[in-house]
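Full structure from sequences and hints, please.
Protein sequence lines, in the order shown, are assigned to chains A and B. Residue 107 in our numbering sits at position 107 of the first sequence; the count goes up by one each step and never skips. Counting the second sequence from 1 gives a position; our numbering is that position plus 143.
Careful, some of the hints might be misleading.
[As the list claims (entries may be wrong)] Covered stretches of chain B (in silico footprint by chain A; criterion: 3 or more residues with CB under 8 Å from a CB of chain A, positions within the stretch not fixed):
1) 220 to 229
2) 251 to 258
[As the list claims (entries may be wrong)] When the alpha-carbon atoms are kept at most 25 Å apart in a straight line, the in silico SDA-like pairs for lysine to any residue are as follows:
3) Lys145/B / Ala209/B
4) Lys145/B / Ala126/A
5) Lys145/B / Leu200/B
6) Lys44/A / Ala206/B
7) Lys44/A / Leu151/B
8) Lys44/A / Arg198/B
9) Lys44/A / Gly265/B
10) Lys145/B / Ala214/B
11) Lys145/B / Ala64/A
12) Lys145/B / Gly140/A
13) Lys44/A / Leu268/B
14) Lys44/A / Pro219/B
15) Lys44/A / Ala209/B
16) Lys44/A / Val273/B
17) Lys44/A / Ala214/B
18) Lys145/B / Ala52/A
19) Lys44/A / Arg283/B
20) Lys44/A / Ser184/B
21) Lys145/B / Gly28/A
22) Lys145/B / Phe41/A
23) Lys44/A / Arg227/B
24) Lys44/A / Leu199/B
25) Lys145/B / Ile85/A
26) Lys44/A / Thr286/B
Honestly, the hints are just simulated from the structure, not real lab data. These numbers come from a predicted model, not from an experiment. Every residue, glycine too, gets a C-beta built ideally from N, C-alpha and C.
Given next are the chains, with one letter for each unit.
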Amino acid sequence: MNAADLVAPLAGGALIGLGAGLLFLLNGRIAGVSGIVGGLFSPKPGEVGWRAAFVGGLLLAGVALPPLLPHAFDNPTNRSYPALIAAGLLVGIGTRLGNGCTSGHGVCGVARLSRRSMAATLTFMAAGGLAATAFGYLMGGTP
Amino acid sequence: MKRQAAALLAGVVFGSGLVVSGMTRPDKVVGFLDVLGDWDSTLGVVMAAALVVFRLLRHIARARSAPVFEARFAEPTRRDFDGRLFAGATLFGLGWGLGGYCPGPALTSILPGGTQALVFSGSMLTGMYVFHLGERRRQRRATVTA
Numbered sequence: 001m002n003a004a005d006l007v008a009p010l011a012g013g014a015l016i017g018l019g020a021g022l023l024f025l026l027n028g029r030i031a032g033v034s035g036i037v038g039g040l041f042s043p044k045p046g047e048v049g050w051r052a053a054f055v056g057g058l059l060l061a062g063v064a065l066p067p068l069l070p071h072a073f074d075n076p077t078n079r080s081y082p083a084l085i086a087a088g089l090l091v092g093i094g095t096r097l098g099n100g101c102t103s104g105h106g107v108c109g110v111a112r113l114s115r116r117s118m119a120a121t122l123t124f125m126a127a128g129g130l131a132a133t134a135f136g137y138l139m140g141g142t143p
Numbered sequence: 144m145k146r147q148a149a150a151l152l153a154g155v156v157f158g159s160g161l162v163v164s165g166m167t168r169p170d171k172v173v174g175f176l177d178v179l180g181d182w183d184s185t186l187g188v189v190m191a192a193a194l195v196v197f198r199l200l201r202h203i204a205r206a207r208s209a210p211v212f213e214a215r216f217a218e219p220t221r222r223d224f225d226g227r228l229f230a231g232a233t234l235f236g237l238g239w240g241l242g243g244y245c246p247g248p249a250l251t252s253i254l255p256g257g258t259q260a261l262v263f264s265g266s267m268l269t270g271m272y273v274f275h276l277g278e279r280r281r282q283r284r285a286t287v288t289a
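And the structure:
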């Protein structure tokens with residue numbers, strides 16, 4: 001990876017941190033996507049609007065940016081539907097059971113030096129590495 | 144209304160970051176996690192940048208006695224390690240490495256990401272709902288026993 005290839009990851013990462021920082025500064029909330037969505041399944045008074053608005057913001061970013069970045073949503077991995085369904089179920093159940101995902105544990109939790117989040121992040125990174133490497137090996141290398 | 148507008152703004156900025164950084168491309172995520180393949184460092188760079196910026200903003204926020212639109216900061220306080228944390232993180236990691244999507248990029252990709260993103264996200268939301276039903280049942284049973 002050369003210096004020019006670092007611009008998008010650094011700028012994008014900074015925006016992720018900025019979005020999470022805004023939610024914390026303005027609303028005092030941690031931007032953990034799985035927790036924000038999970039809270040919508042057991043709605044409590046005053047807890048629905050901001051959660052739905054944050055998710056709406058994600059969807060809005062998804063529809064607003066493709067004209068500028070036409071390849072941002074390409075998926076050359078071409079996983080089969082059974083693989084995607086299994087993966088989705090694992091991510092949905094796992095993030096709720098483990099109280100967080102890449103955003104809540106991986107970014108916000110690690111930045112807060114939370115022991116739980118650091119342990120969770122090491123665990124899901126290791127499990128992710130295992131799954132991706134094993135799948136890539138069995139399918140004959142990364143697509 | 145202000146809280147909702149703030150959350151919408153945060154969501155747009157956060158989601159834009161996911162798109163700009165390449166995290167809505169499952170091949171980049173899998174390229175980082177697959178250590179035997181053609182390794183892609185993108186995910187690591189993105190997380191490091193996000194972490195530094197969030198830590199800085201949290202520091203600035205914490206200098207205030209309260210957030211701008213709420214009475215207090217709602218930060219997780221738990222410090223214990225339990226089986227649920229490790230089991231959950233393991234299941235999540237396996238699904239992440241298999242599908243190449245985590246919750247934020249999956250939701251951001253629902254509208255523009257085609258059938259694959261839609262199938263993954265639908266399945267992910269189903270998983271979250273199934274977990275919610277299981278928890279509710281567990282709590283009800285606990286109340287009955289108590």
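Quick rundown of the hints versus the structure:
no.	hint	verdict
1	220 to 229	holds (count 7)
2	251 to 258	holds (count 7)
3	Lys145/B / Ala209/B	15 Å, holds
4	Lys145/B / Ala126/A	40 Å, violated
5	Lys145/B / Leu200/B	20 Å, holds
6	Lys44/A / Ala206/B	29 Å, violated
7	Lys44/A / Leu151/B	19 Å, holds
8	Lys44/A / Arg198/B	29 Å, violated
9	Lys44/A / Gly265/B	23 Å, holds
10	Lys145/B / Ala214/B	13 Å, holds
11	Lys145/B / Ala64/A	23 Å, holds
12	Lys145/B / Gly140/A	51 Å, violated
13	Lys44/A / Leu268/B	19 Å, holds
14	Lys44/A / Pro219/B	18 Å, holds
15	Lys44/A / Ala209/B	22 Å, holds
16	Lys44/A / Val273/B	19 Å, holds
17	Lys44/A / Ala214/B	17 Å, holds
18	Lys145/B / Ala52/A	14 Å, holds
19	Lys44/A / Arg283/B	18 Å, holds
20	Lys44/A / Ser184/B	40 Å, violated
21	Lys145/B / Gly28/A	13 Å, holds
22	Lys145/B / Phe41/A	23 Å, holds
23	Lys44/A / Arg227/B	23 Å, holds
24	Lys44/A / Leu199/B	31 Å, violated
25	Lys145/B / Ile85/A	37 Å, violated
26	Lys44/A / Thr286/B	19 Å, holds
Against the hints set out earlier in the document, violations occur for numbers 4, 6, 8, 12, 20, 24 and 25.
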